[in-house]
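Dock chain to chain to rebuild the complex, using the hints, since each chain is given by itself in its own frame.
Protein chains in written order, with numbering that gives the first Met the number 0: chain A, 0 to 323; chain B, 0 to 537.
No lab work stands behind these hints, which were simulated from the structure alone.
There could be a bad hint or two in this list.
[Said to hold, decoys possible] Chain B side only, calculated, beta carbon under 10 Å to chain A, not exhaustive: (1) Arg325; (2) Ala328; (3) Gly329; (4) Met373; (5) Ala389; (6) Ile433; (7) Arg436; (8) Ala514.
From the three backbone atoms N, C-alpha and C, an ideal C-beta is built for every residue, glycine too.
One letter stands for each residue in the lines below.
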Amino acid sequence: MSDIAAEMPKRSPKLFSSFSLRDAGTLIGLILIVAVFAALVPGFLSERNLINILQQSSINACIALGMTLVIISGGIDLSVGPTAAISAVLTATLLVSGVPVPVALLAGLGIGAFCGLVNGVLVAYVGLQPFIVTLGTLSTYRAIALIYTGGNPVLGVPQGFRSLFNGNIAGIPNSVIIVAVVAFAAWVLLKKTPIGEYLLAVGGNEEASYVAGVPIALTKITAYVISGVLAALASFILIGRLGAAEPILGNLWELDAIAAAAIGGASLMGGKGSIVGTILGAIILGAMRNGLTLMNVQAFYQLLATGLIILVAMMIDRATRGRG
Amino acid sequence: MLRPRSNRNRSRSLQDRLSSFDESTEMTTTARLRFEGITKTFQSAKALSDVSFSVKPGEVHALLGENGAGKSTLLRILSGVSPQTSGEFFVDGKLATFKSPEDARRAGIAMIHQELQQIPNLTVAQNMFLGHPLKYAGGLLVNRREQEKRAAAALAMIDPSIDPSTPIKDLKVAQRQIVEIARALLENAKIVAMDEPTSSLTPAEFESLAVVIQKMAASGVAIIYVSHKMDEVFRICHQGTVMRDGNVVGTVDLRSAVQADVIAMMVGRELMQEEHKTFVKEDVRVDVRNLSSAVTHVRDVSFTVRRGEVVGVAGLVGSGRTELLRLIAGVDKIGSGDINVDGRALKLTGPRSAIDAGIGLLPEERKREGIIPMRPVSVNMVLPSLRKFARVGIVRHSAVNKSAETLLKRVNLRPFQIDRPIKLFSGGNQQKAIIARWLAAGSEILLFDEPTRGIDVGAKSEIYHLIENLAAEGKSIIVVSSELPEVIRLSDRVMVMRDGRIAAQLERHEMTEQAIVSHAVGDREPNTDSSMQEHAHV
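Same shape as in the complex, but just chain B (with noise of 0.2 Å):
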């Protein structure tokens, strides 16, 4: 589990396997869940028109599109969230009006949200069993054995060492992302929709997920598989259907479509395999020597950047990317060693020193971390220079929109309201306001952590672009990724991390997805693990 161990021709059987089964099948069976013409209006706008599409059993249907396309809406149509306004659903045949996600539960459907929706305290088991408790003693107890021996039985499916009587909040994020999983087997679903179940999972996570799938869907499960990452959906996907706008664009055999076509489809437009743009300028800016943390297991890092320069950090979940990068963002307490920054030396006390000393964190959990979901945009973005903008302690608000203008004009925030509380933007554009912030704050310094994560395509080349038109202007930019195209696409140099520790830099003539997985992974031979640049999510 620990090591990915996935290769080409194992997969290439399974989905052999797969397709053979969906084939025998496809003329006996009616579609398992069938959408025609689902349209669905807020207020004026419509956010889903004349949606069709149908699945049959057994069969791992991707939906694809950009954020905003009317995945979520669809999804939320489906699982008796919010009704549509016209149009029809149908679950093996029967017309289905749900009127509560509790009667979309008992036709048979199971959500897997993308933030899961457990509650910390209580354990595996009793996750598995929230809402419908196994209940004896005339319905007065609950009967925790029971509910704990059959979430046993479930996970064992998945992974057996998930132990169900253990609290939720002490399980890693794969591990939740699996006893989501486990749920759904447990009720027996016989559609599964999954959004970016992914998002969190390590390359072997992902591929244990990836059976699990193709067992459920072997037993005739329909599974609506909702993700961003391109090379999965290829890999595990039969069928896509490509939203845009809310609109259906056109269903595709993923078998045979190839991948640039695809986005081609999603986007409206081709999005060009972009080169990579170098802005190295000669002078080190970053000097961090044998930098050591307090908190985490981040040990002994010592690397430069220069002016200009985009470094990559590469690693495992868990190798100490994120931890690396909120150590120099002084958020996280450096336990010993060194950051210069223009040859001097930094005393970070917190986050304050770290940004006056020019370094700005864009954080990976963006709603977490990064914004104040109720404040407009010009207020997040303002938020660590307001002092900039104060003058004998009063906030000149006229002085604040102007440069809130100017920069998230520049950055191109979509819409262009920059009054607008940020929670109303999508992942993408938060990500924006985020660089406009660190822009207003005048930072040198960028630390983005996973900054296309949970973000489309089109707006995902739009933060390249930005990336690239800070560094040309002489920034100095650290990027951590789990995605090595995005790596390799963007990085001067990679930085590939294991175990709290750098592993490896390499140059962009050595920067080949198969040299950063095998140092990530600790492999010495690294042919051995040939497969791995096959879906690369490291």
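Same shape as in the complex, but just chain A (with noise of 0.2 Å):
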């Protein structure tokens, strides 16, 4: 063993295994906004504010996670913000009427998953392109919220599941740590167990993947479940915060679920992408949008800046990465 040891060509150190040279690209983009933003806005480098930046991006955080996933194996999303909305409205719903918090909890939490089996199934098993599948869940998914509450809140979410989601400990709010331990299960779903691989490999090469045995439906559907519980539980840290679920609530919210997946390295081709990348992806967006609304940015600008951020990501990342 030892002759073969010593005939290896080095390997780099495991730290850099998971943390890729995509990643450190990313990072630096993110210091790069920081570093504007400290140099134009007093206070924003302050620990209250970069706080702050990571609280706001936790919703986003969560769902690009489980957007991050469904991408790598070749698949889009686009239904995470209604499936939210679904699993906000009946969790509330179910609190407002008095079950306990962890069985409502688990109930949202699984009709997220439902959600995303439902489109799941559609891709895996009758064979429909995930962009379509998951645009028709995305009207009616949102219809279902809607109908089902009318189209009015649900208000009056109790404080004891409040405090769970808004509150902080140590002066670190619930949904970063949260988002962390997430983020962390994900990074290990993808680097150490054999689901992770399987999801590179059915998006890096379907018909390759199916040769070699690796079962296609179920890593197609364990990303897009996935998805849908981390909507879920996105919901939650949302109508924590307000203490009311709004049946439209969630709109929009695939759009920067996929753009900080983008930016954080994921090929929307499929079979690559990155945990650390998406984090620091929703981190610069949180981090944009936070230091323009300090500095007092109409909403109309920070629309467009986050517009411009996000081409400048991929052209950096095309040019960087070169052709073919």
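Here it is as structure tokens:
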């Protein structure tokens, strides 16, 4: 054994294998943006504001983690916002009617998982294209949330639930801790488990994966179910903050999530993506918004800046990768 | 067209005619294409170094060498895809300075790629005019009718049966290849470079391609022909430039050269014509009975494979060889019949169940069905056996790496970098990784589909040795191959397929190229087709 080891080319240390060059690029982007705002906005670098940024990024990060897994598998999930809405109104309704918090939580996560399952089955077994499937469920799920509530918000979410998602431990918001835990779990899933390897394989070459015995349908469905569950979790963070669940919540969440994943290095062609990158991508978007708001920039211009940052990030990505 | 109908005499006479043409023009013409000191460096590595040779009008010039010798790099320079680092080349004596493929096209250079670069949903004519359609109404509209007329005229010279208005996706690969060549004719190319044009052609199709090439050459076109199939090269090429590691080893006159010498030049060592070795044990491991496919034309196939046995499968393209392997590997659905392994009938529900039964498929189209391009070799290797490497749901990467190091060392992966994405390896090394994949999975039955297709001569012999080693270990092996010398070199027994059925099973003493071919084409009198063995690619 030792002679084989001696002949081995030096492998990069463990840290680098999970923190790629691409992630380093995303991190540099984040540092640049933070540096610019630090120069322009007094107080941007304060501990309080930095924690604020993380908290404001947490919902998008949570959604984007699931989105990253789906994108890696070669799909896309446009239905995350409405999935979150269904889960939110159901959970809030149960809570308001006095159901214990753990039960309501599980019900909410369960309905999120079910929404993801429907997407997954339509993609993996019926063989429809992911974009079309989730475009369809985007409308369908939204309609269900609206019909279920008659279009009215569910008010009066109990304090116990709210403090669970809106409280903080040692000054760090619970939502940030929750998303950090989820991110770690997603990282383990992608890097350390067979299903993570299967996601990369299916997204990279579905035909070859099939021949190699990879469970294609199970892999895809897993990604959509996780995406659905994380959409539900994200909705908890929002209703924890607002104390109410609106059936229209989560509008356009899918776009922010896709943007975070793409900035983080996920390829919409599938087979490529990074958990660390996605988290950094979500923080980049959050820091942008936070900084621009502190600078009193109008919402219209904020939207413009967000759009440009996505395009610039993608152009840098393209330029540094070179052609083919 | 369906039946290979070449014969030695006819091709000789064509060649004679061509060579006389050659001699008569030799003195009066300048080189159609001349490379002078072409050098190409990538970062620090030299891909080409000081390449010089020339091609006369009307000459079919083979570019020979193993994968990585620099042939493709040279063709990319010629076709304007990437410029040389230093050196010059001349088309009809004029210095060529191409900034894009379009420049090269305008200068009369046509490339015919190995991997067809066509758009499946567009018609034949649309593909032939891709990028520069015929316009009318002041350039606003495309004149489809005229395009189709001209496309038909160009196609008529090769294969009039192809309708210019059919979508490309409805054509067979060989026909698509012909469309590419017709496109070169249409553009009145002065220089046509063909990169492995015959890798998917049947012998009959090769014959018509040979005729087309000779016609083109006779009209003064210079043809650069890249192929790993030495018999073809010797049949249709006049001159050959042998490259190795980015250098020109020499240019030889193929009409007088000996094949073994040329191969020796290519690999830089003597590649001996090796003897078949047999490792057949007594016990039958695979027993296939009356197997029929639910999705293809494979019907009523029965055979056995013993431990340590290598069974070859020969047959024309479309005879059901690949489909038979896919059936055994659980990729295609079984219609009826049984596959017994070690006396137990398999219930195949997909590739997974076949893999669990110890069956491993090495697909012909590695890029499409074999590899996950962006993932490391090690991951590509362990993909089917990941579960074995997982403990409480977590893959132990140290165990994966240890296994990858051992097995990839055994198959002699080069360069030995197990963390490198597999797409960066040559075809031969990708194939080695797929062999290692099934070693890792503990497969005892290995199904090789065209194991050396698109693989250079050096790696080819490595693959042969690996297959022999596996047989020596007692693995049962089925090899589908279109190259008869390969089938005969490797097989203890050959099954010849025709129209989805097994037409014959030949033992070693009956195993001649002639016998295989006559069974493959369904010829009752083998003697009438005596020349088929000449260019053995069934």
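So, going through the hints one by one against the coordinates:
1. Arg325: 9 Å, holds
2. Ala328: OK, holds: alanine 328 of chain B within 10 Å of chain A, min 7 Å.
3. Gly329: It holds, given that the least Cβ distance between glycine 329 of chain B and chain A is near 8 Å, below 10 Å.
4. Met373: Holds - the Cβ of methionine 373 of chain B comes within 10 Å of chain A, reaching about 5 Å at its closest.
5. Ala389: 5 Å, holds
6. Ile433: 9 Å, holds
7. Arg436: Since chain A brings a Cβ to about 7 Å from arginine 436 of chain B, closer than 10 Å, the hint holds.
8. Ala514: 33 Å, violated
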